Amino acid sequence: MMNLDDTTPLVVPPKKPWHKLRWQERRIVTILPYTWLLIFFFVPFLLVFKISLSEPVLSVPPYQEIFKWMDGILNIHLNLNNYIRMVTDPFYAQGFMTSLIIAAITTFGCLVLGFLIAYAIVCAPRHWRFILLLMVVLPFWTSFLVRVYAWIGILSNTGFLNQLLLYLGIIDEPIQFLYNNFSVTIGIIYCYLPFMILPIYSVLDKIDPVYMEAAYDLGCRPWGAFWRITLPLSMPGILSGCALVFIPALGEFVIPEILGASDSFMMGRIIWIEFFNNRDWPVASTVAIVMLLLFVVPIMISQRRHNQRH
Amino acid sequence: MPPLSNPSKRIIEPWYDPKTRPYITLEGVSKSFGAVVAVKNISLSIYQGELFALLGGSGSGKTTLLRMLAGFEAPTSGRILIDDVDITQWPPYERPVNMMFQSYALFPHMTVEQNIAFGLKQERITKSALKDKVAWALDLVKMTSFAHRRPNQLSGGQCQRVALARSLIKEPKLLLLDEPLGSLDKKLREQTQFELVNIQERVGITFIMVTHDQEEAMTMASRMAIMEEGQIRQIGAPHDIYEFPNSRFVAEFIGSTNIFDGIVTEDEADHVLVNSEEAGCQLYVSESAAVPIGSHVVVAVRPEKIMISTTPTAGTRNTAKGIIREIAYLGDISIYYIQLESGKILQAARPNLLRFSERELTWEDEVYVFWRTENGVILTS
Numbered sequence: 001m002m003n004l005d006d007t008t009p010l011v012v013p014p015k016k017p018w019h020k021l022r023w024q025e026r027r028i029v030t031i032l033p034y035t036w037l038l039i040f041f042f043v044p045f046l047l048v049f050k051i052s053l054s055e056p057v058l059s060v061p062p063y064q065e066i067f068k069w070m071d072g073i074l075n076i077h078l079n080l081n082n083y084i085r086m087v088t089d090p091f092y093a094q095g096f097m098t099s100l101i102i103a104a105i106t107t108f109g110c111l112v113l114g115f116l117i118a119y120a121i122v123c124a125p126r127h128w129r130f131i132l133l134l135m136v137v138l139p140f141w142t143s144f145l146v147r148v149y150a151w152i153g154i155l156s157n158t159g160f161l162n163q164l165l166l167y168l169g170i171i172d173e174p175i176q177f178l179y180n181n182f183s184v185t186i187g188i189i190y191c192y193l194p195f196m197i198l199p200i201y202s203v204l205d206k207i208d209p210v211y212m213e214a215a216y217d218l219g220c221r222p223w224g225a226f227w228r229i230t231l232p233l234s235m236p237g238i239l240s241g242c243a244l245v246f247i248p249a250l251g252e253f254v255i256p257e258i259l260g261a262s263d264s265f266m267m268g269r270i271i272w273i274e275f276f277n278n279r280d281w282p283v284a285s286t287v288a289i290v291m292l293l294l295f296v297v298p299i300m301i302s303q304r305r306h307n308q309r310h
Numbered sequence: 311m312p313p314l315s316n317p318s319k320r321i322i323e324p325w326y327d328p329k330t331r332p333y334i335t336l337e338g339v340s341k342s343f344g345a346v347v348a349v350k351n352i353s354l355s356i357y358q359g360e361l362f363a364l365l366g367g368s369g370s371g372k373t374t375l376l377r378m379l380a381g382f383e384a385p386t387s388g389r390i391l392i393d394d395v396d397i398t399q400w401p402p403y404e405r406p407v408n409m410m411f412q413s414y415a416l417f418p419h420m421t422v423e424q425n426i427a428f429g430l431k432q433e434r435i436t437k438s439a440l441k442d443k444v445a446w447a448l449d450l451v452k453m454t455s456f457a458h459r460r461p462n463q464l465s466g467g468q469c470q471r472v473a474l475a476r477s478l479i480k481e482p483k484l485l486l487l488d489e490p491l492g493s494l495d496k497k498l499r500e501q502t503q504f505e506l507v508n509i510q511e512r513v514g515i516t517f518i519m520v521t522h523d524q525e526e527a528m529t530m531a532s533r534m535a536i537m538e539e540g541q542i543r544q545i546g547a548p549h550d551i552y553e554f555p556n557s558r559f560v561a562e563f564i565g566s567t568n569i570f571d572g573i574v575t576e577d578e579a580d581h582v583l584v585n586s587e588e589a590g591c592q593l594y595v596s597e598s599a600a601v602p603i604g605s606h607v608v609v610a611v612r613p614e615k616i617m618i619s620t621t622p623t624a625g626t627r628n629t630a631k632g633i634i635r636e637i638a639y640l641g642d643i644s645i646y647y648i649q650l651e652s653g654k655i656l657q658a659a660r661p662n663l664l665r666f667s668e669r670e671l672t673w674e675d676e677v678y679v680f681w682r683t684e685n686g687v688i689l690t691s
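So the sequence lines, in the order shown, correspond to chains A and B.
Start counting the first sequence at 1; every next residue gets the next number (our numbering).
Start counting the second sequence at 311; every next residue gets the next number (our numbering).
Keep in mind that a hint or two might mislead.
Calculated from the model, a selection of chain A residues having no Cβ within reach of chain B, i.e. all distances over 10 Å [as the list claims (entries may be wrong)]:
1. 62
2. 65
3. 66
4. 80
5. 81
6. 108
7. 120
8. 127
9. 146
10. 219
11. 220
12. 229
13. 232
14. 262
15. 300
16. 308
Cβ-Cβ distance ranges computed for the label pairs, FRET-style [what the hints assert, rightly or not]:
17. B/539 x A/302: 52 to 60 Å
18. B/338 x A/123: 29 to 37 Å
19. B/500 x A/38: 54 to 62 Å
20. B/496 x A/129: 39 to 47 Å
Just a sample of chain B residues kept apart from chain A, beta carbon distances all over 12 Å, derived [to be verified]:
21. 324
22. 398
23. 621
It should be emphasised that the hints constitute simulated quantities derived from the structure, not laboratory data.
Please read these numbers as outputs of a predicted model, since none were measured by experiment.
Note that the Cβ used here is the ideal one computed from N, Cα and C, for glycine as well.
The following block holds chain A by itself, in its conformation from the complex (with noise of 0.2 Å):
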């Protein structure tokens, strides 16, 4: 028998002070993010909700302090009237609804050709799929404001789609593409498609092939196959490229402007009418305010849960 007591307290593994180590190195990596969070989102967000609560006033800045020290008396004088017009004037409502339906019917669009995209992107041969990636980034070379113009030309009634159409004998006259809903639609889907490719294309690139094989062998049909195991697979992919696309698509302001119809008010556009046309900072706070809540925190929610469960 070997006796331990004489071999074990040779060798003494030096652990306390390098786990301490390894946990304040731990700390300082995850403050980064947060204080970064803190200053450049918490912060902001506070004063816009401060602002959302004041009253307009024609002065610089144009909104009434709601914090009032004057001889030892602290005025507060909260106005909650903004939050109530949200309610009461079917203007914002219906503003909140546009900006809802374009940016769900963007977000499905751009998931189904975002989908096939990025499926078609990881069939096609190893050397091909940096050469169409490189294709799916390339429009972010040019001007943003250039490519959205771009679409101009396009739909409008003397446009490249409208030519081809008559040219070709399906129309007769041109068809209003440009200055509706249809075009902002058009507009967002295009910009936004890459926001949707590349998480989807991550995820479905690290699938493991032999899962279709299995399906396969254990008497799945290709579609079945797609249906039950690529696509639940994808899930994250879909998820982030769908949050990608829906947050940024709810306030989008340029694509409107520009490619839209001039009485239909999707939410980035209030903003921009209520701070720069009006003045009225306050109000357009509100609607950022509420956007955010109705909006962004249930999306932010999903996904910690979702998270959470994986």
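With chain A held as given, fit chain B onto it using these hints.
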């Protein structure tokens, strides 16, 4: 090669009976990937209820052969028949064949239960029948209490069981196993070998297994095929292949062996005499080589068949003098590396009947080796 086993045992060895119809037949199957020929003109008959092993090194074509049986690769030429039906052109989802993948390929987004039920979802069966079958499969692999876990919450051995249950639930005519125990550690592998054989006997499904581990193949298989460079070198029961290899390649591939080069000096119906300078003696093998006198042949003798003695043996055949150069102590046995007078190093295995410190043989001892005449094998290729 004539079978060693006695005639009454042949009932469970249908391949000796010309009247039995093979269950799975490969007819001249070849597969090439561009210029590379992975499988060359293989013909093979496998009988119902067999546990057949394809054994070979990497690149021997064994996995390609398995994938052709599953339907993931189409043969370049040849036919595959199961139960007299030509399935060569059938897609994998229509074949009565299921596969247990090397990586198990359990669907990560489904529970154990859902994974096992997957194959039945395509079939039109009632909910209660499906439930019963899944319960049966879970019980078969003793995983009932893990039914609601996901694959990432299971150990390697548990994943292996779920994969087995999933591939058995459709009761295929043929089950393919790609390195079934490849990703388990040694102790678990030994247990699982027998469990897998037991399950195979219980369900009565024909198994074809691919492996590079000869111990695994020899323990489990009813018959095995040794593959090299896309061709089958030998087919037979494990003991037939081990005791009667048909070529130098097989003799050296399965287990270890001592090879003596020599020239045939006498070839009779019941024995062959081979003159071998390497061995330093005449080699007497009690079987016919059926080659002309003067042909170059090799005689193979397994290490455990070689006996070691410290005193000279009677007779001059199958015996040589040498010096112990190395001893590999493996616990249960020791391998002695004995240098003969010709300079050739011979391997001889001996069980360690005595404790290490008490043994009679040690380094640089002069010893005599000898073996029985029926223990040599003449190899002409």
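Item to complete: Provide an ascending list of the numbers of those earlier hints which the structure does not satisfy.
Response: 10, 11, 12 and 13
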